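Those sequence lines, one after another, are chains A and B.
Heads up: the first sequence begins at 1 in my numbering, then just goes up one per residue.
Heads up: the second sequence begins at 1001 in my numbering, then just goes up one per residue.
Since the hints were derived computationally from the structure, they do not count as laboratory data.
Keep in mind that the hints are not guaranteed to be accurate.
[Said to hold, decoys possible] In silico DSS-like cross-links for lysine-lysine, where the CA-CA straight-line distance does not exceed 30 Å:
hint, chain 1, residue 1, chain 2, residue 2
1, B, Lys1048, B, Lys1032
2, B, Lys1114, A, Lys57
3, B, Lys1048, A, Lys57
4, A, Lys68, B, Lys1102
5, A, Lys68, A, Lys85
6, A, Lys68, B, Lys1032
7, A, Lys53, B, Lys1114
8, B, Lys1102, B, Lys1048
9, B, Lys1102, A, Lys50
10, B, Lys1102, A, Lys75
11, A, Lys68, B, Lys1104
These numbers were taken from a predicted model, which means no experiment stands behind them.
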Amino acid sequence: MSRDDSVVLGESAVEQLRQAASEHDLYLEGGILRLMSVDTDSPESVKYLKEAKRLDKARRRERLEFTKGVQRRNKEYQQQNDDLKTERGRNDALMVQLKDEKSRTEQALETVKKDLDYAQRKNQFELVENIVTAALRVIIGVGVVTTVMYAVALFVTEDPAAVTLLGSTWSNLLGILLTNSFSIVGTIMGVKYASDQREGPSS
Amino acid sequence: MIRCILLVDDERMFHWIFEDACSILDISLTLKSIDSADEADRLFADWKGDSTGRPECVFVDLNLVGSTYNGIELVRRINKIHGNGVVIGIISSSTDPAEIEKAKQVGAQFWIVKSDELEPRLEAFHARYDGYVDRSEPFRVFA
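Chain A extracted, bound-state conformation (with noise of 0.2 Å):
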């Protein structure tokens, strides 16, 4: 800085700045300082510019402190919020593994449970099965075996009347298995319309 830079105070500005000082406790302050200069043979004007500046440096220092501070602080915050957002960011992405692990889960579940439904109707159609099976092998055994003794009695019997009450009698008797066979087969078809019932339209 050259000498032409600097702002002479005279001494009558610096008594009334002094005064100022004195009453108002209020010096010069800020970059307009750097340029001031004084009297250096006025002991008084040359001590008001020093203690100015003292004050205005101390006031500086303050305030450079209490900024940094606050900056401190922002970034600390900056740091938080950014740990916050990479944390939703894994959260999120947990969340959708999770949704996808769970979505895997309930179709394996409606496959298991699909699997175990067609494993129940076949065991349940094999039953039936079975139970047809054995009752007309029943039905059709008994229809047989009085057919046949039927027809043994008629060949071997010589009496009219008894003939016609085993032709009556068979007929009765063939009435009543095909009459049981019917109901063994409604009985069947009438538990299949209602388990068909009990698991839903759909099914």
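Given chain A, work out where chain B should sit, using these hints.
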């Protein structure tokens, strides 16, 4: 004392810190702070015609959010396009050697690391300032 410093930094709070630090250390007579590389570019273009207010020394932040280009490109433009008449360097919290090398390549004369310990670094820089003006001082990282 440096007659005029220009600080280009997008962080307004750092303007206050830098201004107070420079003031406490009596580094500069005047200090102008701006927050964009575009504005700095425009100012240097204007100073080509009229050098009134042209700074002696320029501190440029590395990352200038919201500007067309970053600090290194701004240093390059000031040195190569607007004329190499100022002491210029980077002031950044980064210590990335690749970035420091890039800054050196485009003509930055110093790299000051931003931190809580800014004042001693500025003081060290100021002590070497005359060497930067006559280009005798080598590139240095103040960390």
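Given the proposed pairing of Lys1102 of chain B with Lys75 of chain A, does the C-alpha separation stay at or below 30 Å?
holds (27 Å)
Regarding the pair Lys1048 of chain B and Lys57 of chain A, is the alpha-carbon distance no greater than 30 Å?
It is violated: about 35 Å lies between the C-alpha atoms, which goes past 30 Å.
Decide if the proposed pair is consistent with the structure: Lys1102 of chain B and Lys1048 of chain B, CA atoms, cutoff 30 Å inclusive.
At roughly 26 Å apart (the allowed maximum being 30 Å), Lys1048 of chain B and Lys1102 of chain B satisfy the hint.
Can you confirm whether the C-alpha distance between Lys1102 of chain B and Lys50 of chain A stays at or below 30 Å?
violated (44 Å)
Is the Cα-Cα distance between Lys1114 of chain B and Lys57 of chain A 30 Å or less?
holds (21 Å)
Hint consistency between Lys53 of chain A and Lys1114 of chain B [alpha-carbon to alpha-carbon, up to 30 Å]:
Satisfied, since the Cα-Cα distance of roughly 26 Å is no more than 30 Å.
Is it true that the CA of Lys68 of chain A sits at most 30 Å from the CA of Lys85 of chain A?
holds (25 Å)
Check whether the Cα positions of Lys68 of chain A and Lys1104 of chain B lie no farther apart than 30 Å.
Status holds; Cα separation ~29 Å.
Does Lys1032 of chain B sit within 30 Å of Lys68 of chain A, going by the straight-line distance between their CA atoms?
Distance of about 20 Å is within 30 Å: holds.
Lys68 of chain A paired with Lys1102 of chain B [C-alpha distance capped at 30 Å]:
holds (29 Å)
Restraint status (C-alpha distance of Lys1048 of chain B to Lys1032 of chain B at most 30 Å)
holds (18 Å)
Violated hints, listed in ascending order, are 3 and 9; each of the other numbered hints is respected by the structure.
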